[in-house]
Structures are given as C-alpha cells and as structure tokens.
Amino acid sequence: MDRSRDIGPFVPGPDDDLLICRCEEVTKGEIRRAVHAGMWTMTEIRRFLRVGMGLCQGQSCTKLVKGIVARELGVSPATLDPETSRAPMRPTEMHVLGDEKKEA
Amino acid sequence: MERHDLIVVGAGPSGLSAAIEAAKCGLDVVVFDECARPGGQLFKQIHKFFGSKEHKAKIRGFRIGEELLKEASDAGVQVVLNATVLGLYQEKEVLVRIGDEIRHVKGDAILVATGASENTLAFPGWTLPGVIGAGAAQTMMNLHGVKPGERVLMLGSGNVGLVVSFQLLQAGCEVVALVDAAPRIGGYGVHAAKVARCGVPFYLSHTIVRAEGTDHVTGVVIGEVDKSWQIIPGTEKHFDVDTICVAVGLSPMSQLLTMAGCDMADDPKKGGYVPVCDETGATSVPGIFVSGDVSGIEEASSAMIEGRIAGIAAAKYLGYVEQAAEENEVHALETSLDALRQGMFAPKNRGKDLRETEEGCPISQNLLRKGYLSDEEVFAYPGVRKIAGVHPVIECTQNIPCNPCQDACPKGCITIGENITSLPVVNPDAQCIGCGMCVASCSGQAIFLVDEDAGADTATVTLPYEFLPLPKAGDKGQALSRSGAPLCEAEVAGVRSAPAFDHTNLLTIRVPKAYAMRARFFQPMEGGCAEWANQWTVPETSAPSFRGPMTIC
Amino acid sequence: MANTAETIIIGGGVIGCAAAYYLAKRGMSVIVLEKSDNIGSGGSSRNGGGVRQSGRDKRELPLAMYAIEHIWPTLSEELGMDVEYVKKGNLRLGKTEKHLEILSHLAEVGRSCGLDMRMIDGKEVRELNPYLSEEVIGASWCPTDGHANPLRTTLAFYVRARALGVRFITGEEVVALRKVKGKAREVVTKDGVFEGEHILLAAGYESRAIANTVGVDIPMSKKLLEALVTEAEPELFPQMLGTAEADFYGHQTKHGSFVFGGSSGMEGVNLDNHGRLATSSITAPCICRGIMKYVPKLSDAKIVRTWAGWEDQSVDGVPVISFVPEVPGLVLACGFSGHGFGISPAVGLMLSEMILDGAPSLDLSALRYDRFCAKI
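Those protein sequence lines, which keep their order, are chains Y, D and V. Just so you know, the first sequence maps onto residues 1 to 104 in my numbering. Just so you know, the second sequence maps onto residues 105 to 657 in my numbering. Just so you know, the third sequence maps onto residues 658 to 1033 in my numbering.
Extracted from the complex, chain Y is given alone in its bound form:
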C-alpha cells in the first residue's frame, strides 16, 4: 500500500467530538485526523491513539473505529485487518497470572 495515495484533505465534521473508544477516551475527530496523518491500518491507529488498548481491548469500539477509518480512506471496512488478539482475553491481576497451579 502506497502511503502517498491522496485521500483528500481533513475536513472537520460536526460529530468530531463524539467519544468512540470509551476506555481510552478517544474521539472520532482524533481517529479521523490520525488517518490523515498516515495511520492507515487498525494496528497503526491503535498504536498511535491507544484506541482499543484499554480494559475492554477493543471489544466495544473496534467496529466503530473500523468504520471511521474505512470511510476516511474510501475503502470497505472488511478490507481493514483487525488488530492482533492478545492474551489475556480478560484483564488479569499480576498475582493471579503469576499463580500457576502446581502439578500434584
């Protein structure tokens, strides 16, 4: 993917203040601006803005973010690969993750 492709200028939208990622408090406008700054994949958006990096790990907002990024890039959302899924699937306290049951 050639990142020099012209996707047009960033045009402010009336709903740019809309909160999209609740865990990390990222707005629609921030996501749209990030696309124009060059973040063209879900992974880059995530690393740039922390979207989907909070407690829910993107369970709530991934589809919303995908829709916004796809629209900004003028592509179908299905063409955007999702971020990598990583353990633990649920936030886990350090003392629990570190507490492995010893074999009897």
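A few of these clues could be false.
Stated by the list, open to error - Label pairs and their in silico Cβ distance ranges:
hint, chain 1, residue 1, chain 2, residue 2, range
1, D, Lys174, Y, Thr79, 56 to 64 Å
2, D, Val184, V, Asp739, 21 to 29 Å
3, D, His342, V, Glu830, 34 to 42 Å
4, V, Pro891, D, Gly423, 49 to 57 Å
5, V, Asp973, Y, Thr79, 37 to 45 Å
No wet-lab data here; the hints were simulated from the structure. As the structure is a prediction and not an experimental result, all values here were calculated from the model. Note that CB positions come from ideal geometry on N, CA and C, so glycine has one too.
Following the hints, complete the assembly by docking chains D and V onto the known chain Y.
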C-alpha cells in the same frame, strides 16, 4: 499437564451441545465458561423458540438450557464455571483462570464456542448511563429481576430488538418507540406484530440524533434518514425516556482463534471477523473446531445443531467414531440445520427486498414498515379464513422455519407440510373445537381463535396473553387493534391457563361483531371508568402501560 | 509513480523512519519499503521503551550519549508529537553479591566513557524508589537515563517524514538487491523493482537474507522476546528499571500503564509456531512473578496484553552500522540486538550523514560489518 480429549470453551447452547455429542462418543470432555452459570444466553431467553420439534420449537429458551444441562450431566460432561480461558496457545494448550489461580490445560482437540458480543452505535450522548445493550437489558430483567428503566426507546428491529422490546413490556416498562435506520424491519414479522399490538410505534428509516441528559439519560431525539443515512432536517422527534436500548447486531468473539493462528476472514454476512472453517466447524488448525455465533451470527437453534456437528467431528478427528457413522450423523444434523436456514430470513436472502412468499402471497409492506398487518392485508394469507363458528386465525405471513401449530391441532385444522417454512393453511373443512392448543403453541403469538358470531351481535377473540396480573372473567377493558390503537370496549369472557400452554395464557374477550377481525389485544381497565375513559384520547401510537412483571420459572 | 529515489530504505521500523526523516529534512528524495502492512511492525513497536546509556557496550555507548544529550530532550518538539520522553534515571537492580559484581563492572565501563553512573545501596535505592522490595540490596544508578514511548516515537518519525514527502510503501517485501555497474542500485520486491543511488538496509533480522543477495553476511540470529502491559495505575515511579541479569525491565508510561519485558529462560528453545510470532503460555506468568518480587505493590495491577517480538541478535551484541566498500551505495543498519530503540534517533541522524556527507559525525568504525572473525 492436565489433558482432555476435548476442551470446549463456552458453556452456551453451542458449546454444551458439542460437549454432549462428544461425550456420548466416549470423549473425556471439559467445558470452561467464564460465567457463574452455564447456558450462555439461553437462560435470558424467556420466549418460545421457533423451528420444528427436532429444533425444540415452542419450548422457551431457558427450558432448553435446563434440558441441555441435564443432558450434559447425564453424558458425563464436566462443566467448570467461573473459568476464564485467557489464551489459546500452541499445541492446543489453554491458560484458564479459575478463581485466583491459573491452570495450563491441554486438549487433543479444542472447540471454541465463545459466542458473540453486542455491537455499539456512537451518537451524541451514547456514553450516558441509561444507554444499554439489549442483551444487557435482558440480563437485568430475566436473570436478575431488575427493571432496566421505566420508559425505554429501542434501537434496532432485528429479532433481538423485537424480542427484548416485548420482554421490556412484560417487565412493566413502557417502550416509547422502536427505531431502525433500515427501511424495513429486520426481524420476524410475528415478533414485530406482538410488540406493535401493544401500542409501540415503529420508526423505520430513523436513527438516534442524540441522547439527552447530563448525568443520565432523560430523553432522546430521533430523526428520519435519507438514502445516504443522513438525518433529514426537520424530521426530529423527541421522547422523554430514561433508557435507550441498543440492539444493532452482534460481533463474533473470535479473539482466541486469531491468537491460535487460525485462518480468519472478515465476513459482514457472518457479523464480522470469523475463523475460516468447513461445514463441521474444523478450522485451519488441525484439532481446533468452532461452532455457534463465534463462527457466524445466527440463532441459538442453529448454534445448537452446529455444536452437535462439531462435537461429532471432534470425536471423528480423535478416532472415537468411524467415518461412516460420523457422516451419517453429521448428514442428519446438516439436514436439520438446513431446514432452519430456509425461508425469507435465510442467510442467502439477507438484505433482499422480497415481495412475495413462497406461496405467491404478497409480503405485507405494512408489517415490514410499521410492524403490523393492515385490516385488509390480513385476508391475503392461507391461515386467515372466514369460517362459521370458532376457528383459528393464523396471522403468519412470512416464510419462517416453524411448524408447531401443525402438530398442536388435534383436529387437523392446520397444515404446513414438509417444508417448515411454508405458511400455515387453515383447513375450512376440519372442525375446530376451540381447544386453543394452536394459540399457545405459536412462538410468534400469531394465532387467534375467533368466533365471529358469538350471539347478541358480539364476537369472541381468544388471544395469547403473557402479562401479569392476569385478567379475570368479567373484567372490563378495551380491545386494541393490530397497531395497538384502542378500538372498542371489551369484556373478558374467560381466561385459560394450562401446563400444556406453558405460561401462554389464553384470554378470550368479547367485542362487538364488527371488531372480530380487528381486535387483537386487550388492555385491562385501570383505576375506574373515568381514567379508562381518558385513555381514549391518547394518540394512536402511544403505548398503553402494562403493570407487573412477567415471571416464568 | 516512478520507483526511483535518491535513497531507498528497506524497513519501516524506527531506524528506517528516523533515517528517512533526517534525509528528507535535508531535501533528499526517499522511498521506504516495509514488508509488513504496518509501519513499525517489528521490534520498534514491541520493545520496552528504554532510553539508556548504562549497561551498554563501549562501542555503541557514544550513540546513546549523543542521543540523550542532543536529540531526545527536544524530539517531541522537533517532530510535533509527544514521544513521552522521560529523563529520570535508570536503576539496574541487584539481589545478590554476584549481581552487585556485574553491576559494578557495568558502572565502571560507563564511567570510563564519561557517563555519570554509580553504585548505590539498598537504602538509597528505596529512597529513589520506595516501591522496590527489600530483596533489592543494591543497584547501579544512571540519572541521565530514561524512557520514551516506542510506538509514538516510530510513528512520529513516520508522520514527519511522510509530511516531508517521503514515500512509504507497506506490504512491499524485498527479495533481493542487485548491483548495476558495480554499485548497489536496484531493490527487487515481490511486486517490482525500485532504484536508488543509496540503499539503506534496516530490516532487522530480515536484513541478513537481503544482504546475502549481494554476497554480504551479517552474523546474527533471531530471538523471541516477550513483554506485557498493565492497565493504567496511579503514578508510582519515574525511573526505568532493569536487573543485573537483564531478565526483567520496565517502566511506568505516561498513560499510567506499566510495560515490562522479561524472560522465562526458555526463549532459545520455545516452539517457534511455524515462524509465526506467538507468546508462550509460561512466559507472562513468569514475568509477573519476577516483577512482583521487585515491585510487590504491582501484584494487584491487571495485565491487559502480552506480546512477543523478534530481536535481531548480532553475534557480538552490538549493531552493524556500516558502509560496505565492496557494494558501494549500500548502507547497513541492523543487528541492534534488543537495544536499538534508545539510540534510534542518533542512528537515524548518523545514517543521514553517511548518505549525504559520506561519513557520520560520530566514530562508528567499531560497528563495521566486517568486524566479525573466528575466535582463534
């Protein structure tokens, strides 16, 4: 290291079904579920399921859950609750959190049946307390006995939105509107009709403009959308609500499969990112299987069959069943699954604007846009006949996979035939005895017994009634039309409840003859005649309020 | 669009992005080719964010000291984006006498190069960071070390370079280099051929196979490392932490989460998941146990993610930053051995000087590609 033949992740309908079949084939099966109770979403489903007998049609979801649990226990399946699978690693190893410790457990095969999570929709104010998922509302009402709110707006007209709207009414909430941005109702017409006749107005081609409130929802504004989903200025409508319920679809929870390195594909028809798998649920990683919503969003009925297929496939993979036996069983289940995937709502018809039923009847556009059939349209269907004496009137007008009514009638009044998506036909020559079994058997609450000439210029209408308190014979009230508009005075002629009806009470009301084919719901009079009279002045679309929670246990 | 530029950079990690930025800043046309779909896909987005001088080999220490003195403090301003640089010191912790010996040696090396680095006892350690356990009996202390956000730093270089006209192409896998008339000239990808006067190879471990296509070998191996991050916690301490055995390291980020890397001791023999990056089921629990011994207060912190990354481990543990005289036009920047992030801005700057001025302003001769030789 702890090792099992099969580890099932998720004790919902699909996971349990898989575990049962695998255990029956002789596998040592363990099921991990992060919840404190098994059954996944089944125990929230207080409505009767569709399908045919083999699909457990007309049985309420939570009862199916109870049956599954018993079946699992009989088959020797070990279900470990409060057990969260944190990761699915190489060599089919899961890391599972149980209480405050973690365990490494390996499976010779793994079946992931983690289900789905609710989608969200962002609109101004969507983060206010009071904006909740429809599934969350169901959990509050049906598992915990908590009313989500007093006045609710439902966004989403798929089956989840429709079913939960009805359950909100049963719980005593007022549903002020059912809204969907699509131009047509997404779920079954019969589900829409039972909500509409309670007076809930439908706003298709509408979406939420904003939720109002500072620290919680106090109101909502909706507006009509144009073809590019933009709000048309001037179409905004305001409702005072304390709750906004969002039912805009589900997304497969497939993260474990991504982590395990299974080939994945983004398939909007399946609800999102799903593992690539064959018809038995086998993924690209040998020994890892999937079933249920995690492999594509469908109904619980299909999820259970998929689970059984995957359970047998896992048994075959581990050499517990012979190829031929596996093929036979899988084939039978696939036939059964295929029967559920037919009709107007079949995956292959998703998004299509069908105009006629398989029988060539016109599909009601009123039903698709407003949630109810017009008084004229209703006569276009083979379940609606004018017959002397008491007889069933079946307002089932879309091809959906369901046939319990056919078996329910002891007199052969109702025919569906081989194809379970066919519209039910009322046979004018058979003699209806007014037993009401068909009324109670209809999961869509679309069957009524009508006697158009019950003497003294009156008619009787027997309708399914799942609200409390239950009216008594002699109670006065008003009859409501299919759209929920008050039609006329009505008196309760009788109420029948029987174990065979499974909590669908049969309420017979007496109305003036002219309303026999229009009166489809009953609203009891509340607090004396004066107040009752006042209710005649409410606009046609406002919702009557129902009192008292419905409890089915 | 023409596939020609003055410089073709292979690898869109922090080194490639930084070099692209400094080259473009001085007016050079640059194309960056990245195999992955994402910028900063490798170690650039997976490391622990340490910006340290302490504990480094003498040969690369000048790069670290230069970066910390001249680049990091103003980098956010220069790139117009917060890279979350914090210069509050590095504590390298010891629990045993043997640990203290290792640390004392490292401190001596540092001091011999003019670095402010000294040994402190357990009491002083806990005065600097009261959350460290009593098990810690001493540490090396380098007050000018610190940490930054590697994700933001990599992407900031990318954003600025792109804004200066650098053409980035992701999903473009380089398969070979080709000499034309005795000079490195062509970069062959799966989809096409790119041409440049200069070719900068900064593709991590993958650099080895690409360099092989013009008869150059950099002795390095691939090592899988794992890390984890917690939910946001109240602010506890600002220092970068490490250990004498280099088995655990981490810090609290500006966001509040703690990022920790660590090892289970099985890294060299972990299943490689058919070449696909995957975490092992035993590493994260081991990192948790390790951290809790050093910072008991974190035992209730929730882990939200774990990840793995490949390290391009050169055989002598320091990178190759070098011209290749027999392949004129080729510049190598690889083998960073797990500690490239902290020096990346300086490396990017030096690479731009090598390409534009013919030589870097720091003496990097100890990092030449042809330094490797047999032991006898």
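query = Can you list which hints this structure breaks, lowest number first?
reply = Hints 1, 2 and 3 contradicted; others consistent.
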